[in-house]
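K.L.:
Using the sequences and the accompanying hints, generate a full structural model.
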Amino acid sequence: MIPIGRPFLDYVLSALADAGFERVCLVIGPEHSAVVQHYTVDSRPRRIAVDFAIQEKPLGTADAVLAAEKFCGSEPFIVLNSDNYYPASALQALRETFPPAIAGFARSSLIADGNVAPERITRFGALSIDEAGNLVSIVPRAGDPPVTDGEVYASMNCWLFDTRIFDACRSVTMSPRNELELPRAVQLAIDTMGMKFRVVRLHVPVLDMSTRGDIASVEMKLKSINVRV
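First residue of the sequence shown: 2, per this note's numbering; consecutive thereafter.
These are calculated hints, taken from the structure and not from any lab test.
Please note: incorrect hints may appear among the correct ones.
Said to hold, decoys possible - Dumping the calculated SDA-like pairs for lysine to any residue here, alpha-carbon to alpha-carbon at most 25 Å:
#, residue 1, residue 2
1, K224, N82
2, K197, G134
3, K71, M194
P.N.:
What follows is the structure, given as structure tokens:
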């Protein structure tokens, strides 16, 4: 809800509508009633229907996905961070892919056209991709980044799932950070459930607003965006 002329989340919802999505579920904590008030009373979206799921405790991203299980039903669905702005073209490319899949963003584009400085790029895990174009693993920042066709592709936590991911989210164990993490659930699904995640390789930027220090650069990049929620 950080204001970039209007709530940042408006930009995210507008991009989703531009990409052809009709319904979205915001996973929020029980204390986030202001978000519900904004999107159900103060500024109800017209182009995309907004539902809510409550994550009772901040146990991690895999737990957040489970909170939205009822909303998803039996349909494929995408999962993304609400503090990142993904171009509509990237979201549409993922929507048009057979699930499951992950959007892989070229590091060169994140640096050249996004707001990620070169010294921060290793914050985002690099994708190890097999010859068939499927995800093998996400290499953490300390690892040697795998190169695919001359490029390193990063995970910006933009996924396309089918319902099998819920079993993986229920089965994943706590990470060293004491969280139920979605990337670990995906790795579990790859290693033990036979799931193959297609990597949709993209050469477009993502705007990352994971800290308050990112606000100014994100605001500058979003000036030209026409928001229609």
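K.L.:
If a hint holds in the structure, say so; if it doesn't, say that too.
P.N.:
Consistency of the hints with the structure:
| no. | hint | verdict |
| --- | --- | --- |
| 1 | K224 with N82 | holds, 21 Å |
| 2 | K197 with G134 | holds, 10 Å |
| 3 | K71 with M194 | holds, 22 Å |
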